[in-house]
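**Q** Sequence:
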Amino acid sequence: MKNSTKAAYGLALALLIGGVTASCTALTFNKDGYVATVNGHKVSLKDYNQALEQQKKQYGLRFGVDFNTTQGKEMLAGMQQQLLQQLTERELLLLETEKRGLQATEAEVEAKLADVKKQFPDNAAFEKAIKDYGLTPADLKSQLHKAVAIEKLQKDVGKDISVTDAQISDYYAKNKAQFAHGEEVEASHILIKIDETAKDKPKEEARALAKIKAIQAKIKAGGDFAKLAGENSDDPGSKAQGGSLGFFGKGRMVPEFEKTSFAMKDGQVSEPFKTQFGYHIIKRTAYRPARTESLAEVSKGIREQLQAQQQGERFQQFVETLKKDAKIEIRPEYQPKQASNSAAPFMPEKK
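Per the working numbering, the very first residue in the sequence shown carries number 3; after that it's consecutive.
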């Protein structure tokens, strides 16, 4: 089931990679308002401060980092060093997009925005997330214009790259285990959560059970499962899709959910049952036995994967060439200080 916290982190990471910055009060002051120049073009202090605050919020929320501690300050130094590199590289790439006339259209930006929104269960969750990160819708769209332009540049740089059928066959032969799947079922569900903070827990559990039974009665009377899921389910990640969870194999769901869904027949609706998330009703729609996908089934995906990999390698080489030929000057007060290994801005995910 989807999780809005993970979605919020996904947005934060996407914004960081895409160069999206937040609207906040400047953390540092200089009268000229820039931290570096790239071929004579300024990288603004505002962008630097905003992006730094964005990263601090991300690591504070994701890892609980306290930047007032010694370790936090060392980590901040590493983040600042990497941020300067990211912003100067981004400016260099944006200058190249202008040179090649690779600007983003409004339709392309709207499509990219729609992709970001898909990470969230609903529009309210999306709006809360961008607000939490100090963004406005205008900030987001402005920076997505830049992100799309850079994506177009990457495609332009690698436009002559092609993947042969022989390369696809070779990859498939060497990675055949990757395309092996255990048995899977396709199912939809309706979830009624139990409020664990309720003072009278037996009463709250009885409420949830009564509601799920009432929904089940409507389904047995001919009610549309998808419609009832959209109207009643407490799982924000699936309710918009009529409760659909798609195909999933064993080990993907909690034990009670897995046992029930694999024991059912296609088209069958389960009795209400309880998991750690609350009460569920499942409708199983399809079953797929264990199998290995054929080369014909996966060739398109392999081609896209190999092409993206080769384009990525080509683009990295292109960036390094641009940097080698560019004049990048970082103002003395923003020159990176020597940081220890603990300052690296990447940390293992909390379990």
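The set of hints was computed from the structure by calculation and includes no laboratory data. Heads up, some of the hints might be wrong.
[Claimed, not checked] With a straight-line Cα cutoff of 30 Å, these simulated DSSO-like cross-link-like pairs (lysine-lysine) come out: (1) Lys-205 / Lys-215; (2) Lys-143 / Lys-130; (3) Lys-203 / Lys-143.
[Said to hold, decoys possible] Pair ranges (Cβ atoms, derived): (4) Phe-275 / Ala-242: 18 to 26 Å; (5) Glu-295 / Arg-209: 40 to 48 Å; (6) Ala-298 / His-43: 46 to 54 Å; (7) Ala-200 / Gln-318: 49 to 57 Å.
Cβ atoms here follow ideal geometry from the backbone N, Cα and C, with glycine treated the same way.
**Q** Now tell me if each hint is right for this structure.
**A** Results of checking the hints against the structure:
no.	hint	result
1	Lys-205 / Lys-215	holds, 15 Å
2	Lys-143 / Lys-130	holds, 16 Å
3	Lys-203 / Lys-143	violated, 45 Å
4	Phe-275 / Ala-242: 18 to 26 Å	holds, 23 Å
5	Glu-295 / Arg-209: 40 to 48 Å	holds, 45 Å
6	Ala-298 / His-43: 46 to 54 Å	holds, 49 Å
7	Ala-200 / Gln-318: 49 to 57 Å	holds, 54 Å
Consistency note: the structure conflicts with earlier hint 3 alone.
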